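Student: Below, each chain spelled out in residue letters.
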Amino acid sequence: MSVGGSAGGAPSAYDPKKLRMYGLVGSVVGIYLGAILNSALDTTVFSFIGAIAAIFAVVMGANAVRRVCAYGIGTGVPSIGMLALGMGIIAVMFGLSMAETLGSVLLGPIIILIYAGVFGYIIGVIANKVIKFNIPVMEEGNADLSMAGALAILGWSFAISGTLGYVDILNNVLMTGYIAIIFIAGGLAILHPFNANLGPDEKQDRTLVNAIMVSALAMIATGIAAIATQGLASGLLQLVIGFALWFYFFKMYYRLVKRDAAAVVGTGLLPPAVQ
Amino acid sequence: MNFDINTIVYILEILVGGLLVGIGVHFVPVGGAPAAMAQATGIGTGTVQLAAGSGLTGLLAAGLMMSVTDNLWLILASGAVGAGIMIGSTMLTGSWIYAYAVGVPFASAKVNYDPITGFSQPPYVAIGTVGHGIPTICFVSGLIGGMMGGLGGAMIYYPLYLINGNAALSAMFAIGIFLVNAVIASWNIQGTIEGFHDPKFKKWPFAFKACAIASILLALASVLITGGA
Chain A
1 MSVGGSAGGA PSAYDPKKLR MYGLVGSVVG IYLGAILNSA LDTTVFSFIG AIAAIFAVVM
61 GANAVRRVCA YGIGTGVPSI GMLALGMGII AVMFGLSMAE TLGSVLLGPI IILIYAGVFG
121 YIIGVIANKV IKFNIPVMEE GNADLSMAGA LAILGWSFAI SGTLGYVDIL NNVLMTGYIA
181 IIFIAGGLAI LHPFNANLGP DEKQDRTLVN AIMVSALAMI ATGIAAIATQ GLASGLLQLV
241 IGFALWFYFF KMYYRLVKRD AAAVVGTGLL PPAVQ
Chain B
276 MNFDINTIVY ILEILVGGLL VGIGVHFVPV GGAPAAMAQA TGIGTGTVQL AAGSGLTGLL
336 AAGLMMSVTD NLWLILASGA VGAGIMIGST MLTGSWIYAY AVGVPFASAK VNYDPITGFS
396 QPPYVAIGTV GHGIPTICFV SGLIGGMMGG LGGAMIYYPL YLINGNAALS AMFAIGIFLV
456 NAVIASWNIQ GTIEGFHDPK FKKWPFAFKA CAIASILLAL ASVLITGGA
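Protein chains in written order, with our numbering: chain A, 1 to 275; chain B, 276 to 504.
Treat the hints as calculated values from the structure; they're not laboratory data.
Source: prediction; values computed, not measured.
This list has only true hints and no planted wrong ones.
Capping the alpha-carbon separation at 35 Å, the derived lysine-lysine pairs in DSBU-like fashion look like this:
no.	chain 1	residue 1	chain 2	residue 2
1	A	17	B	484
2	A	18	A	251
3	A	132	B	477
4	B	385	A	132
5	B	475	B	385
6	B	475	A	129
7	A	251	A	17
8	A	132	A	17
9	A	129	B	484
So these bits of chain A aren't anywhere near chain B, every CB distance computed over 10 Å:
no.	residue
10	36
11	40
12	185
13	199
14	201
15	240
16	259
17	260
18	261
19	269
Between beta-carbon pairs, the in silico distance windows are:
no.	chain 1	residue 1	chain 2	residue 2	range
20	B	411	A	265	42 to 50 Å
21	B	483	A	114	27 to 35 Å
22	A	224	B	483	37 to 45 Å
We put the CB at the ideal spot given by N, CA and C, even for glycine.
Just need the whole structure built from these sequences, with the hints factored in.
Tutor: In C-alpha cells, the structure reads:
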C-alpha cells in the first residue's frame, strides 16, 4: 500500500474529518473573503475567490462520494453526485432567500450550511433506516455531500454574479441559465473523480487531485460566464486562473496515473508539455 | 410570506408530486450498465438519467402550457404527455438498436409469459444474461412510469411558480426536488428494475415512505422562498 490509501471500506491517507474541516472552512472563508473584498472595494475582480472556494467544497464532496460509494450503492456513482447537487441547489436558494428576507446578505452561507447539513443527514438516515442500506457512513457521507454540493453551487454562483445578493444571483445566474452549467460542471466535479478512478487500485490522492482538476475546468466555464455578467477584466482573470490550476493539476494527475499504472503507453495524442 | 390555507395546498401538491416521481421510477425499465451491454432487460442507462430526462421534458412541457393557460388539469396533462413522449421515444430508438444493431430478441427473465402479449420468454433469454431488449410489458410499464414522472414534475412546478412567480427559480427548484426523489427511489430498487411485473416492484412502500419524508422537508423550504421581485 502506497501513500494513496485505497477504497474498499475506505482506508485513506487523508482523514475524512480533516478533509471536511478544510473543505467547510476553506469554502466558507473563501466565499466571505470574496464577497467582502468585492463589496468593500466596489469591484468584481475578486469573484474568482468564489470559484477557488468551490474547489475546497468539491474536494470534500468527492471524498464523501468515495467513502459512500466504496460500499457499492448499486445505482452507479453519478446518482449520488446528482443527489448532492439536487440537495445543494435547494439549500442555496432557500438560504439566500431567507438571508434576503432577514435583511442580511452575509447570513446566507451560514443558513445554507445548516439547512444542507441537516437535510443531508436526514436523507442519510432515511437511506439507512427506511431503504435499509445499512452503510455505516451513509448519514455522515450524505451530510458532507449535501454541504459540499451547496457550497460549491454557492461558490460558483458568486463567481458568476460577483455578489451574494439573492436578487443578483437570480438575475445573473438563474435567469441567464448559467445555473445549468454550474449544475452539470459541479456534478461532474463531485461525482466524476471516483467514477473515473474506482476499482481495486483506487488511491485517495489520485481521486482528489482529479476532483481539483475537474473543478478547475468548471472555473474556466464560470470565467466565460463571468465575462458576460461582470465584464472582461474579472471574467478573464477567473478564466486564466482556472486554466493555470487545471494545467498544474492535470500534470499532477498524470504523474499519479503513471505512479499507479503498471505501464503507460502513449498514443501520441497528449502534447509533450503535459507529460 | 403569508401562511394561509393556500400554503398547505401548495405543500400537499409538492408532496404528491414528489411521491409520483418516487413511485414512477419503479415503473421505468431501468437496466443500467448490464442493459447497455444487452445482458439485462431494460433501457441501458441509470435511473437518475432516465427519471431526470423524462421529468425535465415534463417540466418544459408543463412550463410551456403554463405560459398560455393557468388551468391546472391542462398543465398536468401536458407535463405527463411530454414526459411520456420522451421516455417512449427513448425506448423506441433503444429498441431499434437492440433489434437491428446488437441483434438480440426482446425477452424478460423475470416472468415466463409476457403478461400483455402472452408470449413465452425463457427460450429467448440467452444463457448467462437476465434478459435483453425492451419487451412489450416493459415498454408499457415505462410509459406509465414516464407519465407519472412528468405528472409529478408538473405538480411540483405549478405550486412553486404560484408561490414565487419566477419561472427559472421554480424550474431549478423543481429539478432539485425531482433529483432527490428520483435518487432515493433508485436506491430502493438498487439500480435496476424491469417494470411493474418485476418482484422488486413490491418494495415500493419503502420508497413511498422515504420520498414522503424528503418531499415534506423540501416543500417546507420551498414555500418560504420568494421570487426576489
